[in-house]
Structure formats: structure tokens, C-alpha cells
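Assemble the whole structure, with the sequences as input and the hints as a guide.
Everything in the first sequence is counted per my numbering, starting at 79 for the first residue and increasing by one.
Be aware that a few hints might be false.
[To be verified] In silico DMTMM-like cross-links for lysine to aspartate or glutamate, where the CA-CA straight-line distance does not exceed 25 Å: (1) 314 <-> 303; (2) 256 <-> 96; (3) 423 <-> 388; (4) 424 <-> 135; (5) 152 <-> 198; (6) 147 <-> 338; (7) 399 <-> 427; (8) 138 <-> 226; (9) 399 <-> 328; (10) 311 <-> 226; (11) 423 <-> 338; (12) 256 <-> 238; (13) 247 <-> 197; (14) 256 <-> 292; (15) 147 <-> 158; (16) 314 <-> 360; (17) 179 <-> 226; (18) 423 <-> 160; (19) 423 <-> 158; (20) 201 <-> 255; (21) 179 <-> 197; (22) 339 <-> 160; (23) 164 <-> 183.
Read the hints as simulated data drawn from the structure, not as lab findings.
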Amino acid sequence: MTILPVPNIASRLLDWYDANHRELPWRLAPRDLASGGRPDPYRVWLSEIMLQQTTVEAVKPYFRAFLEKWPDVKALAAAENEDIMKAWAGLGYYSRARNLKACADIVATFPSGFPGTEDELRKLPGIGAYTAAAISAIAFNRPAAVVDGNVERVITRLFEIRTPLPEAKPEIRASVEKLVPAARPGDFAQAMMDLGATICTPRRPRCMLCPIREDCRVILSGDPELLPARAEKTEKPRRRGAAFVAIRNDGAILLRTRPDKGLLGGMSEVPTTGWTARIDGDTSAKSAPFAADWQHAGSIAHVFTHFALELHVYRASAGDKAAPAGHRWSPAAGISGEALPTVMKKVIEAAIPGATRARRDNPARHV
DNA sequence: GAAACGTGGTG
DNA sequence: TCACCAAGTTT
Numbered sequence: 079m080t081i082l083p084v085p086n087i088a089s090r091l092l093d094w095y096d097a098n099h100r101e102l103p104w105r106l107a108p109r110d111l112a113s114g115g116r117p118d119p120y121r122v123w124l125s126e127i128m129l130q131q132t133t134v135e136a137v138k139p140y141f142r143a144f145l146e147k148w149p150d151v152k153a154l155a156a157a158e159n160e161d162i163m164k165a166w167a168g169l170g171y172y173s174r175a176r177n178l179k180a181c182a183d184i185v186a187t188f189p190s191g192f193p194g195t196e197d198e199l200r201k202l203p204g205i206g207a208y209t210a211a212a213i214s215a216i217a218f219n220r221p222a223a224v225v226d227g228n229v230e231r232v233i234t235r236l237f238e239i240r241t242p243l244p245e246a247k248p249e250i251r252a253s254v255e256k257l258v259p260a261a262r263p264g265d266f267a268q269a270m271m272d273l274g275a276t277i278c279t280p281r282r283p284r285c286m287l288c289p290i291r292e293d294c295r296v297i298l299s300g301d302p303e304l305l306p307a308r309a310e311k312t313e314k315p316r317r318r319g320a321a322f323v324a325i326r327n328d329g330a331i332l333l334r335t336r337p338d339k340g341l342l343g344g345m346s347e348v349p350t351t352g353w354t355a356r357i358d359g360d361t362s363a364k365s366a367p368f369a370a371d372w373q374h375a376g377s378i379a380h381v382f383t384h385f386a387l388e389l390h391v392y393r394a395s396a397g398d399k400a401a402p403a404g405h406r407w408s409p410a411a412g413i414s415g416e417a418l419p420t421v422m423k424k425v426i427e428a429a430i431p432g433a434t435r436a437r438r439d440n441p442a443r444h445v
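What follows is the structure in C-alpha cells.
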């Protein structure tokens, strides 16, 4: 009797990918892919850094803006750090922007541009295990085991790995290494991620549409939604503080720049009481940058990865006062172009509604 | 290994 | 309102 060969998991996943892959700004157009083209390593790198812990939809406009401003790694290396921080503002995890620039500076000195091996990529700032494997596989078509959050979800369900993360990581990696096909490792990596993003979703996975459901252990014996299991997380502390929006006669706002390291490193902010300490900060107007008729303008709430913050916002007219040491007056028309993290945009909006919105007539508007 | 590090979407 | 989570890296 004849036994028909059963296509293996990678084959079926790639067939599904060919028919169902997402078209994304950093991916090659289908016809270029069909003719054996490879995506530009610079674009792959840029997109992968932006996509770290960040949704595809959030990344798209930033990716387009960066590519327009800095079309290649040499252009990015030639850019001012400050301009990169401004362009990154709102995307979060700002150390990525600093590392992006540091990495560009290094790669711009390499005659052949980005290296293609995981080991070499791994040495560059901002590139860890995942990103090194992703660039190596996607841009250079090398058989790297790409393991991100999507892949962890797909693999733990496929093989019913009930060990909680992060303890299960080595086992997951070993499983992926066995699956990576020699022919199309880059497409395989992206297929796994697309499957995780569109079919094997965290909640309510669409198992009926899954190209590898026949191989899936958990679909038969359990609830896919329960995997991957995760170690218990610690409780998120709440912190409080006050923020001060000083407004000069011409509408300029008093700003300062945060230190390069730590939370919101290198980003701009209005003066505030301390609020990154473990203890609650002062929420009164007592520690304002200078004496003035500070008016309470309400409070804003913002949730960071490891703590929730409540900032009481105070507003005052500052006349034509000179900026205190370490501070500067930012012209009203240029506020939307400042490197302001979202929490600070909330603060300024609470004091001056509409102040941070980019306007057509605003020359400082970025993007 | 654990903690620090942003933000926006979703149920 | 809240908890979870998203193409993770660094210290």
C-alpha cells in the first residue's frame, strides 16, 4: 500500500503563510519576494527594534517617518541624538532610541553594513537574542531560531508545554530549532509570528483556521487559552507626585531634560516633584520650581510597566521670568515637536488643552 | 534570575 | 476601573 507523505509542520505553515501573510511596511512586496529578493537589513533591523514589546499598529507610522527622515544606516548615524529622541517620542522604551543611534554609529563604520550572523548581531547595542535571530533569518535567510512572544504561545500550545514562563524558554527554543526548515528560515520565522498574531492569539484563538491544528496537542486535550503559563507577577505599586506647567507671557512652557539613564531617559518634561522613588511624592504646590500663583489644574493618571502614577498638575503664569538653571522655555508653537513622553503630554494637556497637538501651521511638527 | 523599562488596545 | 499583553534588552 502507498502511504502519502504527510507534509511536516514547517511545510504546512509556509503554505499557509504564502496565502495569508500580512503585508507590512517593512516587508518586501509579494512580487519581490517571489523573485527571490531579500529585504534591506536596515529596514528589518529598524522594524525589529521598534516592534520590541510594541504592537504592529503602533509601529507603522513611526517606521514610515524614520525611513523618510533616515533612509539608510548612514543617514541615521549622521543624525542628531536629539532629533532621534523627538521622532521616537510616544513609542515608549526610550533606551531603544539611544541604542538605535549607538548601533547605527557602529554599523555605519562596517564596509559591508549589518552583519548576518547571530553572534555578530548580538554584540550590537539594543540587539538581544530575539532580534539577532530575527535579523539573521529574515534579512539573511539563515536558519536561526526566532523566539518571540508569539512563538512562545504557538509552541507551548502546539506541544502542550505547561511549564510556566520564563522557565519554559529553553524547552521552547529547542522545539523551534527542530522545526526550522533549511529552505526558508526567514519566512518560517515570520509565519510563526503571523500565526501567533492572527490565529493562535492570546485570547479566543481561531483554532478552526489553524494550518497546523492536526499537530496541536492542546487543542485536543485542553484549553489553548490557558497556555502559555506564566510565573506570578508582583503587584504594581502606586506613586504620586506633582507637575508644574509654567507659562510665559508669549505662551512658552518651561521644560527640562531628564538624565540619559533610567525612566524616560533623555526625554523632556515639565518640572515635577520626585515620583520615581518608591515612596509617595509631594502632591502639593510647595515644591514648585519658583514662587507663583500656582493653580491646581486637576490630576492625570498614567500606568508604567512597573508602577502606576498619579500626577497633580499645577499651572501658573510666569510673566517674562528667566528660565531657572537646567530649564528652558519651549515656544508654544514648538511643543508638539519636543521629545515629550506620553505622560508629559497628558500633564501639559491637563494644564493647557490642545497645547501638544500638532498643527499644520506648526513648523516644529515632526513626522 | 529578577527588576527596570512605555504605551495603547482589549475584554 | 483593571488586568493582561505586544516582534525584548539591559543591568
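Hint check:
no. : hint        : in the structure
1   : 314 <-> 303 : holds, 24 Å
2   : 256 <-> 96  : holds, 21 Å
3   : 423 <-> 388 : holds, 14 Å
4   : 424 <-> 135 : holds, 21 Å
5   : 152 <-> 198 : holds, 19 Å
6   : 147 <-> 338 : holds, 23 Å
7   : 399 <-> 427 : holds, 22 Å
8   : 138 <-> 226 : holds, 19 Å
9   : 399 <-> 328 : holds, 11 Å
10  : 311 <-> 226 : holds, 19 Å
11  : 423 <-> 338 : holds, 19 Å
12  : 256 <-> 238 : holds, 16 Å
13  : 247 <-> 197 : holds, 19 Å
14  : 256 <-> 292 : holds, 18 Å
15  : 147 <-> 158 : holds, 12 Å
16  : 314 <-> 360 : holds, 20 Å
17  : 179 <-> 226 : holds, 23 Å
18  : 423 <-> 160 : holds, 18 Å
19  : 423 <-> 158 : holds, 23 Å
20  : 201 <-> 255 : holds, 22 Å
21  : 179 <-> 197 : holds, 20 Å
22  : 339 <-> 160 : holds, 15 Å
23  : 164 <-> 183 : holds, 18 Å
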